[in-house]
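J.: Chains as they are written, first to last, in my numbering: chain A, 1 to 975; chain B, 1 to 109.
Incorrect hints may have been included.
[What the hints assert, rightly or not] In silico SDA-like links for lysine to any residue, alpha-carbon gap of 20 Å or less:
no.: 1; chain 1: A; residue 1: K861; chain 2: B; residue 2: P30
no.: 2; chain 1: A; residue 1: K439; chain 2: B; residue 2: V74
no.: 3; chain 1: B; residue 1: K83; chain 2: B; residue 2: H31
no.: 4; chain 1: A; residue 1: K729; chain 2: B; residue 2: M84
no.: 5; chain 1: A; residue 1: K954; chain 2: A; residue 2: K861
no.: 6; chain 1: A; residue 1: K439; chain 2: B; residue 2: K83
no.: 7; chain 1: B; residue 1: K83; chain 2: A; residue 2: K274
no.: 8; chain 1: A; residue 1: K954; chain 2: A; residue 2: I911
no.: 9; chain 1: A; residue 1: K127; chain 2: A; residue 2: I511
no.: 10; chain 1: A; residue 1: K651; chain 2: B; residue 2: Q26
no.: 11; chain 1: A; residue 1: K651; chain 2: A; residue 2: S533
no.: 12; chain 1: A; residue 1: K278; chain 2: A; residue 2: I511
no.: 13; chain 1: B; residue 1: K83; chain 2: A; residue 2: M716
no.: 14; chain 1: A; residue 1: K7; chain 2: A; residue 2: V343
no.: 15; chain 1: A; residue 1: K274; chain 2: B; residue 2: Q26
Think of the hints as simulated: they come from the structure by calculation, not from any bench.
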Amino acid sequence: MSGWRLKTAGRVDRGQSIAFQWAGRTLHGYAGDTLASALMANGVSIIGRSFKYHRPRGLLAAGLEEPNAIIQLETGAVAVPNVKATQIELYEGLVANPVNAKPSLEFDLLAVNSLFKRFIPAAFYYKTFMWPNWHWFEPAIRKAAGLGDAPEGVDPDSYHHRFAHTDIMVVGSGAAGLAAAIAAAKGGEKVLLVEADAELGGGLLSEPSEVEGLTALAWRDRMLAALSDMPNVTVMNRTMAFGFYDHQLVGLCERVTDHQPPSQRSGPRQRLWKVRTKRVILATGAFERPIAFSGNDLPGVMLASAAQTYALRYGVAPGQRVVVATNNDSAYHAAFALHDAGVEVAAIVDSRAKGGDVISGAAERGIRTIMDSAPLKAKGRRRVSGAVLADVADGKARDTIACDTILMSNGWNPAVHLHSQSGGSLAFNSSLEAFLPSKSVQAAVNVGAAAGIFDLDIALASGRAAGQGDDIQAPFPAAVGPTLHFADGDARAAKAWVDFQNDVTAGDVQIAARENFRSVEHLKRYTTLGMASDQGKTSNVTGIHMLSNLLGKPPQAIGTTKFRPPFDPVTIGGFAGRAVGENLMPLAHAAAHASALAVGAKMENYGSWLRPAYFPRAGEDEHAAVAREVLAVRGQVGLFDASPLGKIEVKGPDAAEFLQRVYVNGVRNLKVGRCRYGLMLSEHGIVYDDGVFAKIAEDHFLVGTTSGHAAAIADMLQEWLQCEWTDLKVLVENVTTAWAVMNVAGPKARAVLEAIGTDIDLSRDAFPHMTYREGLVGGVPARIQRVSFSGELSYEVSVPWGYGRALWDAMMQAGAPHGITPFGVEALMALRIEKGFLHVGSDTDGTTMPQDVGFGAAVAKKPDDFVGRRSTMTPEGLRADRRQLVGLETLDTGGAFECGAHIVAADTKGIGATQGWVTSSVQSPTLGRPLAMALVERGTARIGETVQVWNLGKGRPAQIVDPRFYDPAGDRLDG
Amino acid sequence: MLLIDCPFCGPRAEIEFRCGGESHIQRPGPHTHVSDAEWADYLFYRENPKGEHRERWFHSAGCRRWFNAARDTVTHQFRVTYKMGDVCPEAGESAVSEAAPSAVAGGIV
Numbered sequence: 001m002s003g004w005r006l007k008t009a010g011r012v013d014r015g016q017s018i019a020f021q022w023a024g025r026t027l028h029g030y031a032g033d034t035l036a037s038a039l040m041a042n043g044v045s046i047i048g049r050s051f052k053y054h055r056p057r058g059l060l061a062a063g064l065e066e067p068n069a070i071i072q073l074e075t076g077a078v079a080v081p082n083v084k085a086t087q088i089e090l091y092e093g094l095v096a097n098p099v100n101a102k103p104s105l106e107f108d109l110l111a112v113n114s115l116f117k118r119f120i121p122a123a124f125y126y127k128t129f130m131w132p133n134w135h136w137f138e139p140a141i142r143k144a145a146g147l148g149d150a151p152e153g154v155d156p157d158s159y160h161h162r163f164a165h166t167d168i169m170v171v172g173s174g175a176a177g178l179a180a181a182i183a184a185a186k187g188g189e190k191v192l193l194v195e196a197d198a199e200l201g202g203g204l205l206s207e208p209s210e211v212e213g214l215t216a217l218a219w220r221d222r223m224l225a226a227l228s229d230m231p232n233v234t235v236m237n238r239t240m241a242f243g244f245y246d247h248q249l250v251g252l253c254e255r256v257t258d259h260q261p262p263s264q265r266s267g268p269r270q271r272l273w274k275v276r277t278k279r280v281i282l283a284t285g286a287f288e289r290p291i292a293f294s295g296n297d298l299p300g301v302m303l304a305s306a307a308q309t310y311a312l313r314y315g316v317a318p319g320q321r322v323v324v325a326t327n328n329d330s331a332y333h334a335a336f337a338l339h340d341a342g343v344e345v346a347a348i349v350d351s352r353a354k355g356g357d358v359i360s361g362a363a364e365r366g367i368r369t370i371m372d373s374a375p376l377k378a379k380g381r382r383r384v385s386g387a388v389l390a391d392v393a394d395g396k397a398r399d400t401i402a403c404d405t406i407l408m409s410n411g412w413n414p415a416v417h418l419h420s421q422s423g424g425s426l427a428f429n430s431s432l433e434a435f436l437p438s439k440s441v442q443a444a445v446n447v448g449a450a451a452g453i454f455d456l457d458i459a460l461a462s463g464r465a466a467g468q469g470d471d472i473q474a475p476f477p478a479a480v481g482p483t484l485h486f487a488d489g490d491a492r493a494a495k496a497w498v499d500f501q502n503d504v505t506a507g508d509v510q511i512a513a514r515e516n517f518r519s520v521e522h523l524k525r526y527t528t529l530g531m532a533s534d535q536g537k538t539s540n541v542t543g544i545h546m547l548s549n550l551l552g553k554p555p556q557a558i559g560t561t562k563f564r565p566p567f568d569p570v571t572i573g574g575f576a577g578r579a580v581g582e583n584l585m586p587l588a589h590a591a592a593h594a595s596a597l598a599v600g601a602k603m604e605n606y607g608s609w610l611r612p613a614y615f616p617r618a619g620e621d622e623h624a625a626v627a628r629e630v631l632a633v634r635g636q637v638g639l640f641d642a643s644p645l646g647k648i649e650v651k652g653p654d655a656a657e658f659l660q661r662v663y664v665n666g667v668r669n670l671k672v673g674r675c676r677y678g679l680m681l682s683e684h685g686i687v688y689d690d691g692v693f694a695k696i697a698e699d700h701f702l703v704g705t706t707s708g709h710a711a712a713i714a715d716m717l718q719e720w721l722q723c724e725w726t727d728l729k730v731l732v733e734n735v736t737t738a739w740a741v742m743n744v745a746g747p748k749a750r751a752v753l754e755a756i757g758t759d760i761d762l763s764r765d766a767f768p769h770m771t772y773r774e775g776l777v778g779g780v781p782a783r784i785q786r787v788s789f790s791g792e793l794s795y796e797v798s799v800p801w802g803y804g805r806a807l808w809d810a811m812m813q814a815g816a817p818h819g820i821t822p823f824g825v826e827a828l829m830a831l832r833i834e835k836g837f838l839h840v841g842s843d844t845d846g847t848t849m850p851q852d853v854g855f856g857a858a859v860a861k862k863p864d865d866f867v868g869r870r871s872t873m874t875p876e877g878l879r880a881d882r883r884q885l886v887g888l889e890t891l892d893t894g895g896a897f898e899c900g901a902h903i904v905a906a907d908t909k910g911i912g913a914t915q916g917w918v919t920s921s922v923q924s925p926t927l928g929r930p931l932a933m934a935l936v937e938r939g940t941a942r943i944g945e946t947v948q949v950w951n952l953g954k955g956r957p958a959q960i961v962d963p964r965f966y967d968p969a970g971d972r973l974d975g
Numbered sequence: 001m002l003l004i005d006c007p008f009c010g011p012r013a014e015i016e017f018r019c020g021g022e023s024h025i026q027r028p029g030p031h032t033h034v035s036d037a038e039w040a041d042y043l044f045y046r047e048n049p050k051g052e053h054r055e056r057w058f059h060s061a062g063c064r065r066w067f068n069a070a071r072d073t074v075t076h077q078f079r080v081t082y083k084m085g086d087v088c089p090e091a092g093e094s095a096v097s098e099a100a101p102s103a104v105a106g107g108i109v
């Protein structure tokens, strides 16, 4: 009543026994088994429970098209869910478990779903479980669905990406592929042969007939020996071509260690290859079609070629008494192979009136053949117990044959996935009732079964022709026999499976057609046919045939759904490659990073830079540390690593003219040695960046940007110069990481610099605020700008990056007697809010224009065009009620406002119309009270007005004020 | 992944480039004489052909130069790539290319 190990036959190594675990039991197989063949050999019949109805399921196939035997491999962090048992090479100690069955495969409680089957056909969730609120039912439905469990913990494996170039790639190492590879290699070009299986040979590994006078295996060995002798040939096994992309790029997944016990694995688990190839030869073979008869999902129902593979490659028989149902010759060879290996073949049921010459082989072996017949129903509850046959002419039940295994073959579908992904078209061939590759749009050809060529000699010829670059002669193929279709509305169609993994039946296809989902893409999505992890390899074409039959439209007119990579699932880690963990978004370190850490900096991610947020001392929380740092800067002196600040050199005879077109401000009138605070807009007139620019020499500017925008602005400047203003003579270079910047700020800042030693005259008149000087600081060449974001006397000292940490250390040492205090980004933000200085991205958003942040007059004064200027003049830009940046004072004792809190009219009860929102907020250490900045409609005209702020669900009073809370006159800056 | 023939570096993988959208767009000016409709056209309206699209590409991880390309939006084939500022060669013509990749246009250095 189940599979068993044949005495001889098969390529498994019977001298190497392997112990493995299945559902908690210890079983044994041989080296060379897959998990599937080993389970079959151990008599395991039920391998899984179906996705929706929890019906018992066994193996349908022997290869990667297997839809039923979805298992959970290993446990813990190395667990792999939803792997096909047919794709797992057995290794010592392997642990595998079934899925979707509680408490066990034999007794699955959710099999009760099967009792309600007629209430939950395809698309039931669009029609039921909706009232009163579908959200109630969704969690339960989702929990009942699904197969395996996602692994716990971080993936411990590593995955590599590799690029390669080759002349000819051959995909598939069956007869046609091997012939093509040899022929191509003889031409002297570089050839790459890839094979998804562990062993090369494809169908040759289970082929009983001779090939060019040798056994199939001997022929294969000879080909492989020849290939390994050619230095221009590379062969990769366990390597699946999963995608054929634009411009001759093929994606490969190489499984390096999956076949080894986890404890023995080392190195990358898989490699993802991106191979650019001049020509592709697709020898990808074909997939056998199941027959849709009632009960065809019972364990014991299998594809005929799969049974042949289990017998001849793995030495396993699928059952004790076999009925073979077919519409073509190939299944006869499966019947003969089983018979010759000692399995009882009760009958071959052929839907054709007359079989081919192959039928004589049945007579020789004494196998009964029943023509003009097809299976109607499989009898049995958890395993096939008999096959009910019908006459193809009228569909009426005839004989019942007792058996425990039904092999089926309804013809073959060429594996056209890669051809289609490459942009190639398909044509329906009515002899084969299959879609064949038609036109290629890239340099790719199909050979062998992939081209619909099933005759071995012609397949070899096609491979050789393709290898040499010649045209391929496509033969006229032998026609397959008829298929018995259920009439529309026949209740038995609801038990005839089409998509085994997603539990889609012939009845569901009929429902889709009946409800007007008549396009092939709608059929797919409405029923989920073809949407499981097997991507419809054993179901898509059957569904198309059924739809064609129901609608009376030829299959060519119905067409196929779109083919998308990957051809077979590729683990997500493979696509991520090395870009995981810290490598996904590596954070840059500022120049004095190590020194900051050494004094206890608490680091944070600030837009791709890792920077000190604050420097807590013992017992301090963030609030206390920030307050202390702010007061130290205001009272003595602070030290801030400003190295991430964007620095771009702009040099050339037209540098000033160029920047005049880029900035909102005037640039042409800036004198050498002077700095100016500027705004840059996008072409949409939106404030994009702010920063200080300095004229450091004739025709030579230093453009300062925010740290997050440095690279983008350098690119943007290049774009204007290369694409629009090509006549300007300007060079632009992003030097952000060439110069480290240490900002020393506070009343004692000058004293600290003097203590370090410099040849620059630091006196107030020689080096005023917003000027630039060059010289030596501590013996190192330096550029200094007197620029202040904190609002205190401030020097931004730039030195070549490599000296940055030493400069920090020197400043800490020289500043010690002055109470120098390192401060972080949070303290800097508090300092600048106290000054009412804007921070792009906090106080501005995607609608903020220069006139909103106090630059209206500067724009009006400037006659020239600049980037974004025209957009500030649109009706939206000219509105009188635009939100403007102002300050807010609290009028109660409720503490600082939340950023984002909305401003509403003072007399509003409850929630009212928004007039703007809080953009920055701080409990000011210097002034001892909450301060906020906000964008408020007509804000500048409303200074002094009382408003309400809707803060955390409560209306609170506030007053609109000028945002220059601390030192509005700027006296501290001029110190 | 597209294979793009940079006029300066030769064929390189798409990952080295950034696409700049439709090419041959003139920035309207002077700003005092541009209507709202003209400006909106410049900011927002783009050709959306099913067929040949003339577009800009930036070789960000290579020579860092902008250039033009004529690419078919259906087949993704690049008919031709040509220098920024040049007229798109007609089918049959080839783009006139500089002798050496190190030559710098404009003679700035």
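J.: When the hints from earlier in the document are held up against this structure, which numbers fail?
T.: 3, 5, 6, 7, 10, 11, 12 and 15
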